[in-house]
Structure formats: structure tokens, C-alpha cells
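A.B. asks: This is what each chain is made of:
Number of protein chains: 4
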Amino acid sequence: MVFRTDITVRWVDTDALRVVHYSNYFRYIEAAEEELYRSLGFTFKRLNEEYKIAIPRVEALCKYKAPARFGDILTVTLFLGEKGEKTMRYDFEIHRKSDGELLCNGYITIIALNLTNWKATELPPDLMGKVVTALE
Amino acid sequence: MVFRTDITVRWVDTDALRVVHYSNYFRYIEAAEEELYRSLGFTFKRLNEEYKIAIPRVEALCKYKAPARFGDILTVTLFLGEKGEKTMRYDFEIHRKSDGELLCNGYITIIALNLTNWKATELPPDLMGKVVTALE
Amino acid sequence: MVFRTDITVRWVDTDALRVVHYSNYFRYIEAAEEELYRSLGFTFKRLNEEYKIAIPRVEALCKYKAPARFGDILTVTLFLGEKGEKTMRYDFEIHRKSDGELLCNGYITIIALNLTNWKATELPPDLMGKVVTALE
Amino acid sequence: MVFRTDITVRWVDTDALRVVHYSNYFRYIEAAEEELYRSLGFTFKRLNEEYKIAIPRVEALCKYKAPARFGDILTVTLFLGEKGEKTMRYDFEIHRKSDGELLCNGYITIIALNLTNWKATELPPDLMGKVVTALE
Numbered sequence: 002m003v004f005r006t007d008i009t010v011r012w013v014d015t016d017a018l019r020v021v022h023y024s025n026y027f028r029y030i031e032a033a034e035e036e037l038y039r040s041l042g043f044t045f046k047r048l049n050e051e052y053k054i055a056i057p058r059v060e061a062l063c064k065y066k067a068p069a070r071f072g073d074i075l076t077v078t079l080f081l082g083e084k085g086e087k088t089m090r091y092d093f094e095i096h097r098k099s100d101g102e103l104l105c106n107g108y109i110t111i112i113a114l115n116l117t118n119w120k121a122t123e124l125p126p127d128l129m130g131k132v133v134t135a136l137e
Numbered sequence: 002m003v004f005r006t007d008i009t010v011r012w013v014d015t016d017a018l019r020v021v022h023y024s025n026y027f028r029y030i031e032a033a034e035e036e037l038y039r040s041l042g043f044t045f046k047r048l049n050e051e052y053k054i055a056i057p058r059v060e061a062l063c064k065y066k067a068p069a070r071f072g073d074i075l076t077v078t079l080f081l082g083e084k085g086e087k088t089m090r091y092d093f094e095i096h097r098k099s100d101g102e103l104l105c106n107g108y109i110t111i112i113a114l115n116l117t118n119w120k121a122t123e124l125p126p127d128l129m130g131k132v133v134t135a136l137e
Numbered sequence: 002m003v004f005r006t007d008i009t010v011r012w013v014d015t016d017a018l019r020v021v022h023y024s025n026y027f028r029y030i031e032a033a034e035e036e037l038y039r040s041l042g043f044t045f046k047r048l049n050e051e052y053k054i055a056i057p058r059v060e061a062l063c064k065y066k067a068p069a070r071f072g073d074i075l076t077v078t079l080f081l082g083e084k085g086e087k088t089m090r091y092d093f094e095i096h097r098k099s100d101g102e103l104l105c106n107g108y109i110t111i112i113a114l115n116l117t118n119w120k121a122t123e124l125p126p127d128l129m130g131k132v133v134t135a136l137e
Numbered sequence: 002m003v004f005r006t007d008i009t010v011r012w013v014d015t016d017a018l019r020v021v022h023y024s025n026y027f028r029y030i031e032a033a034e035e036e037l038y039r040s041l042g043f044t045f046k047r048l049n050e051e052y053k054i055a056i057p058r059v060e061a062l063c064k065y066k067a068p069a070r071f072g073d074i075l076t077v078t079l080f081l082g083e084k085g086e087k088t089m090r091y092d093f094e095i096h097r098k099s100d101g102e103l104l105c106n107g108y109i110t111i112i113a114l115n116l117t118n119w120k121a122t123e124l125p126p127d128l129m130g131k132v133v134t135a136l137e
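Chains as they are written, first to last, in my numbering: chain A, 2 to 137; chain B, 2 to 137; chain C, 2 to 137; chain D, 2 to 137.
Next up, chain A with everything else stripped away, as it sits in the complex:
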């Protein structure tokens, strides 16, 4: 299974080429990730406060195929990539909803970070379990 969420391109997301600025796709992917966790009953806040972990990105790749424009509705799809004890990779695709065109794809790799000592730590098994169940 995969996780999908729709995001509307805002005016502020565009640049003077009249297309979405390349850095903003990384915002869209993170928004999808936030919605995935929310759908599973987690938030970054709860991860920070209860689990004392954060899940920053250690790697992010995006290949741009076609531009998104103001007002487009984008469908962000998250797939489960490789998973380790401390890291997990989400592969993603972003399509324009109206015609299904693939706009970009890539991945982000997250790592569990112990906020007490700022060192890598195990991803919380219940979060991991729920993500795996949702995406596998």
C-alpha cells in the first residue's frame, strides 16, 4: 500500500518563471509525511515530547520532470523504501491531479535522533510498525 495526499499549489510557492520553486517540492513531501503520521495517530510534536526523539532528514533527492503551476492540485504519493533500525527511506512521486502527469519523484531518508544527546537512535517500534503496516 501507499499513502496519498493532495496539496494545492499556492501563489507564494511560485517563482518568476511562473512555476513552483524547486525547493518547495520538499515542503510538499514533508506535508505528506506529516499527514501520514497524523493518519497513524502520531505527530512530530508527540515524537519530540513523549519519545524524546526527532526524525530529521539525512538525505533528500528529487528529480524534476515537469513544472507545477499556481492552482494545480498535486497528489503526493509516499512508498516505503529501505528501512533499517535507525533510518527509513520514503520514496515519493508527485503527480498533477487533473491529468495524472508525473511532475517529480525521489526519496527522503529520515533518521531517529535522540533529543537528549543528539545521537542516532532506534526508530520507535510502534511508529515503525504502523508505518510499515500502512505502506507495505
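It should be emphasised that the hints constitute simulated quantities derived from the structure, not laboratory data. You can take every hint at face value.
On the chain B side, residues computed to face chain D include the following (Cβ under 7 Å):
{"hint": "1", "residue": "11"}
{"hint": "2", "residue": "13"}
{"hint": "3", "residue": "32"}
{"hint": "4", "residue": "44"}
{"hint": "5", "residue": "45"}
{"hint": "6", "residue": "72"}
With a cut-off of at most 27 Å between alpha-carbon atoms, the simulated DSS-like pairs for lysine-lysine come out as follows:
{"hint": "7", "chain 1": "B", "residue 1": "120", "chain 2": "B", "residue 2": "131"}
{"hint": "8", "chain 1": "A", "residue 1": "64", "chain 2": "D", "residue 2": "84"}
{"hint": "9", "chain 1": "C", "residue 1": "53", "chain 2": "D", "residue 2": "46"}
Between beta-carbon pairs, the in silico distance windows are:
{"hint": "10", "chain 1": "C", "residue 1": "120", "chain 2": "B", "residue 2": "82", "range": "31 to 37 Å"}
{"hint": "11", "chain 1": "A", "residue 1": "42", "chain 2": "C", "residue 2": "98", "range": "14 to 20 Å"}
{"hint": "12", "chain 1": "D", "residue 1": "125", "chain 2": "A", "residue 2": "19", "range": "17 to 23 Å"}
{"hint": "13", "chain 1": "D", "residue 1": "44", "chain 2": "B", "residue 2": "137", "range": "34 to 40 Å"}
{"hint": "14", "chain 1": "D", "residue 1": "82", "chain 2": "C", "residue 2": "50", "range": "36 to 42 Å"}
Model, not experiment: these values are computed from the prediction. Every residue, glycine too, gets a C-beta built ideally from N, C-alpha and C.
Following the hints, put chains B, C and D in place on chain A, whose structure we already have.
C.D. replies: Just chains B, C and D, lined up with the frame of chain A:
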């Protein structure tokens, strides 16, 4: 006296009208404020960590006169507006450096916030003193 | 009548004080304005391309009352303020949805800009009519 | 040779983990690229208007090693990666200036886009020549 700093308009600051997005002028003003404090030997970080205060904005106004465009160098000027015990107003003007055209003006009002109890508190007198000396 | 839309605070919207950066409320207001036009059958794009006008902001004010935090759902409410031939003011309020607390309020004033000569022009009567019907 | 430019981390660049948001490094890299072109006498604007080309990114990768924080001064270094007729890759590294720590590295690949037909085209030889001379 006033405080002046130059800021270059980045591509990402523009929108599909090929001008700077209106929200980004508030980033420029804050960057100028950061440079003012830096020039006086303060940082937001030191205010947070040593003084246990933050200085969030309680009011922000901007009147837009003419658009800035990609590559423009902007001169942000800060003036001292009203000051109270807990709040201070910075009036600002942003001009295009090349021809001196006024692009926007307005103000931001900051408040001292005690980070222990998240209540308004007195602005640190040494910060205030240095700002007043620099801007008055 | 008023126009209301809900917006979720994203991680990227927060700053190191763990609250929403003051400039981002101006993004939320614009997103609400975009949703208002969409609900009336208009888009900035169509205004640009068919009407050859843009509607940039000439003034923006925000008074900050309480901070929004990551994951908060915000309700942005738009009210009709003063309207002229070429300008229109939207008053706004942003409340936290969960407890109804007022987080900020203010206004933005838009102007109709003829994209052929970049001069102020009359707001399109059909847009204006629909906005007035929706908000009055 | 390489190209280097310094960038100060702004408050707005940070997120609620009190570190720079991962998407903002892509802004820093682009700012460095803008400064590179400026140093060679080019701007995105001139590329758009005179050459009728744009140079959007077709791929972007960043590996995050250590976080940048508010007030840090970052040194962005650009290296010449692979170059083709229509594309060019910039490898980058971002170090914290004060202690030289490597914060992230990666690459961006740009493509020349003919703005008349929105198809890939040859990179302007004079731009390419100057970049190669500056970075090789």
C-alpha cells in the same frame, strides 16, 4: 541616526507576477533587525539563552509602493518608533539601491517575552540602551 | 457573511521559538483569499490571463495575540472591509480551531493592477460582485 | 577552482527543532549559484530576457551531516560536476564558517530550457565557458 543594511532579492523570493512576494518584505525587515542586533553585539540566540527572553512581533504593517524584482539590491532602513517598557516599534523603509525608489514602508512592534512563563516582561535595559543609542 | 477556511500549521512554518514565524500568517491569509476566489470560480491565474489584471497587496497589517504551533489547525476568517473602485480591504481573523483562541487579526488591502501598463485599474465588476455577495 | 560565498542563517530559516529546515539548504545553494553568475556578469533575469532561456533544476540531492543553527555563517562551495550540452551539474558543500564543520553536501543538475517552446536546449556557450573557467 538610523540603521541600514543591504539585501539582495533571491529568485525564490519572487512569485509568478515576477515580483517579490508581499510576505517576503517581512523577512527582509527581520534580517535587518538581526543585523542591527549583531552590530550591537546581541543575537536572538543570546537573548533566548542568557536573558531568557524572546522578542516576538506583536504588530506588523507594510505599505507597498512599488515592486522589487529578482536581483534588485534593497536597502532596508530602520528608524526608532515609539518605545515603552515592554515594547518597541521599529519604523522601516525599503528602497531599491540602484535608483533610490521607495518600495515599501511600515513598522514592526516587538515585545519582550519572558521565556520561563511566556508573559510580557521588561526589555533588557542594555539592549534597549544600545538600540536607542544606535537609532536615536 | 464571512468566508472561512482551515489551514494546518506545517513543521516548516515554525521557527526556533517553536511557534509559527510571523511572516507565515500572511501566507495563510493569502491561501484563504485564494480559496475564496476558487469558491467563487476565479483564480489569480484567470485574473492574470483573461482579465489581464493582477491584484497585489498595497497594505498589510497583522496584530499578533497568541502563537500558533506545529500541528495546530487554524481557521482563517475573511470579512469585507472598505471597498473602492480600484481597491478592496479584507479584514481577517485567525483562530485556533481546537479551542477557538484568537491568534491574530488585521487586514490586507488589494488593488487591481492592469498588467498591460502596470497601472491601477478598476476591479473587475463580476469578481467584485461575487466577493461582495459572498462576504456582505 | 571553486566558487565560495558566505550566507548567514536567518531566524525564519529555522524550525521548531531549533535548526535550519532541510528545504532551506536548497535556497542557500541557489543563492550561491546566483552569486556565481553575478560574479561572471550573468543573471537569471538576463538569461531569461536576452537569451530566452531559463536554467531550472532537473535533479537535486542533499546529504545532511550536521545541523546549522540561527546566526551561523555558512560557507557554500560550488564545484563543477559533469557537464553535457544541455545540462550541467554543480556539486556543493556547505560548511559552518566558524569551525569548518561539514554540514551537508550534494549536487544540483541544471538544464537549459528554451523559454519559447519550453524544450531543453544548448546551454549558452559564453555562460558555460565562463562557468568552466571559474570552476575548473
